[in-house]
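Heads up: the protein sequence lines correspond to chains A and B, in order.
With the first sequence counted from 1, adding 24 to any position gets you our numbering.
With the second sequence counted from 1, adding 328 to any position gets you our numbering.
It should be emphasised that the hints constitute simulated quantities derived from the structure, not laboratory data.
One or more hints might be untrue.
Partner residues are not named here, just some residues of chain A that face chain B (Cβ under 10 Å, in silico) [what the hints assert, rightly or not]:
| # | residue |
| --- | --- |
| 1 | Val-28 |
| 2 | Phe-29 |
| 3 | Met-105 |
| 4 | Ile-106 |
| 5 | Thr-107 |
| 6 | Phe-110 |
| 7 | Met-114 |
| 8 | His-163 |
| 9 | Ile-175 |
| 10 | Glu-280 |
| 11 | Thr-362 |
Yeah, the Cβ is synthetic: ideal placement off N, Cα and C, and Gly gets one too.
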Amino acid sequence: MDYVFPNEINVTWTVMIVLYPYITGLVAGAFIVSSLYHVFGRNELKPVARFSLASAFVFLLFATLPLLVHLGHPERAFNIMITPNFTSAMAGFGYIYTTYLILVVLEIWFVMRADFIRRAKGTGLAALVCRALLFFNLHEDEQTRKGDHKIATFLAGLGIPLACLLHGYVGFLFGSLKANPWWATPLMFVIFIFSAIVSGISVLIFHYFVVSFLNGWKVDQACVRSMGRYLWGFMIVAVALELLEILSIAYKQTEEWEVLGELIERKLFLSYVVLQFMTFSLIPFLLLGIAALIKLRERLANAITWIAATMLLAQVLLMRWNVVIGGQLLSKSLRGFTSYFPGLFEKEGVLIAVIIFTMPFIILYVFHRIVPLFPDAVPKSARTAER
Amino acid sequence: MNRTSRAFLFFAAALAALIAAFAAGWDHDTGDARSTAGMAIVALLVVTAIVLVAVGVNAVLAGRDAPRAPAGPRASYRHTVPLFLVVGVTVTAALTARSFAVPSGFGAHGYFRGTAPTEARDFPLRHAGKERCAECHEDELNLHDKDAHAKVPCETCHGPGAQHADASGDAPILVPRAKEDCLVCHRILDARPGAFPQISLQDHYRFVGVKDDNVQCIQCHSPHEPLYMDRDLRTARLHPLIHRCRDCHIGRTDETLSRPEAHPAIFECSYCHKTIVADAAARKHRKVSCTTCHIFFRDSDFAGRIIRDADPRFCLLCHRKAAFRSDTAAPGIDWPAHLKDVGKEGLKNARCIDCHQDRIHTIAPRSRP
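Work out the full structure, taking the sequences as your base and the hints as a guide.
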């Protein structure tokens, strides 16, 4: 049981292709959280509503960067939009991505117009940029606010199917490859959407706590509690779907199970069975369950939620890894496996991945310097003063 | 205009959108649905119709209700005009720019650049071909054509040579000398067909007693004549297919003379050459497998050519005296000095096996040269 075709020895889709669905997933997830407030009226999520929208925007800016780094001729990437091809799944992604980017930019414009105006009235380069973004119209009153709110709600509503489409499409890229039994399943699209939402909520919780801690802000309990519950619900669905997928193949014992079983037992045992499911799914499930069902002291509940969110971030990354890399370890002959271990300093190595993944956070910080993302944040000292 | 009449206006518009959708969607001559773009327009019109109906129904229901409480200030959208204008202009500009960027001929034969074949044809030729090489390098080509690399074109190793040939040799050409260049084809890989010669450097160096890892392949093997065959490969004897362990068993396997218990006898030389194999097993070269010297070249799925190599340089591939070879390996021979020692100095056709046949195996009557 060890035969690979000559062109399968090297794993060509590397860390960058793992990072691409991961970052895209964060976009979709963060946008869904912002829509929960803007469209579905979950008012307890207000403290993170703009933060989640801005997060979706910055992650979206960098979603395709790993792909461009992966390409030998990145400038040819635009050919998929110049000469689109209905037999190419990636061609559709170019259009969906662009549409979604325009939508998110518009949404930010309408949601944050009042803040841009406030900033534009100041001085300096940032004020000038804000004035340009507002087309030098700083007029604001009850009527414009109402108009902005209506359009923002409409866009947020339109954004939900688009976010699902965007990330479902990433799942489609893998799920529609019928030659690869590890990828080819219609469940892939749904799994990707739900894992995207999980990673998006996770990164918001993770980041919200870190930012609040660094700035000495009081964490909004209702908001965190609500996000923790949403996270719990979505992670249950996501993990259940992931397990159902593998269970259905295992139970049916189709011919591909011969090789997939071995893939799971031999090649992906650590990253898939031990890490993705036993560790980074089971523990957050229990932790979030405890936080949701048992009345704990604030600090403990917060710590538990933060740890679970951080672990789920890793879970989704592991899931992307196991999908992308796992599918390539498997020979199309269904009779053998190749191996892959990422390098640290190579072109598509871990260092570049870390740099790419850090960049959205830097842009987010710059964004926050121009327009505060947590306008209602309460310093901890204020809380003690209240008492 | 009151609410009811506005509602009917919406219903009329929805109906118009639906009719337009039908008109746009179906080709009346054939009755078939039109292109994908046409269907996208249909979908858009249908969605528009649904939205218009919803707004109309809402207006009717609102008209039936009791007069509503004042809803506060009306929403204003005037400030959004520049934004949507910019977005609209940008998208239109991008789509227009795209239409200019589409290569001419795209779509002529489906989703391809129709001009691609002519473009490709008009590229200047970069490869010259073996015949051009032979114009100046006939000697190398003669050696090359009779040895193991006969089927490998010159430019596989030397790179495209049209420029070099056009400039009568003044333009540089690639001359690969590093062992990595040879290993591009000959490195041992699970994915290569077992019959293809593959080298594990470590094993090979141990076998021939090379003690310095920096030794290059070309220090022993001339790239044009890597195995020093004493006759042309094409005139070599046809032989039924020899299976190697690696043909079936992927991964590193020891190619030994003896087969494992209960394995079908499909690759053993002794199956046909029983006497010779038994004889060889009692002599000095017993640890050397038959195919080390009797190199097999696969011709088809059924047969190949087998070389019985007796060129002294072939023996020297293992027995050459060199500083980079250890003393404990096969005895090292300084060929010219050796000829002098045995009183055959200057004898061009001298072969090792003329004197040392007894160290290999006796020649059986069947295997005439």
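Verification of the supplied hints:
1. Val-28: This hint holds: Val-28/A lies near chain B, its Cβ roughly 5 Å from the closest one there, short of 10 Å.
2. Phe-29: With a minimum Cβ separation of about 6 Å from chain B (threshold 10 Å), the hint on Phe-29/A holds.
3. Met-105: 7 Å, holds
4. Ile-106: 5 Å, holds
5. Thr-107: 5 Å, holds
6. Phe-110: 7 Å, holds
7. Met-114: 13 Å, violated
8. His-163: The hint holds - His-163/A has a Cβ within 10 Å of chain B, the shortest such distance being about 6 Å.
9. Ile-175: Since the shortest Cβ distance to chain B is 7 Å, the answer is holds.
10. Glu-280: 20 Å, violated
11. Thr-362: Constraint on Thr-362/A satisfied, holds at 9 Å.
Violation of the numbered hints given earlier is confined to hints 7 and 10; the remaining hints are satisfied by the structure.
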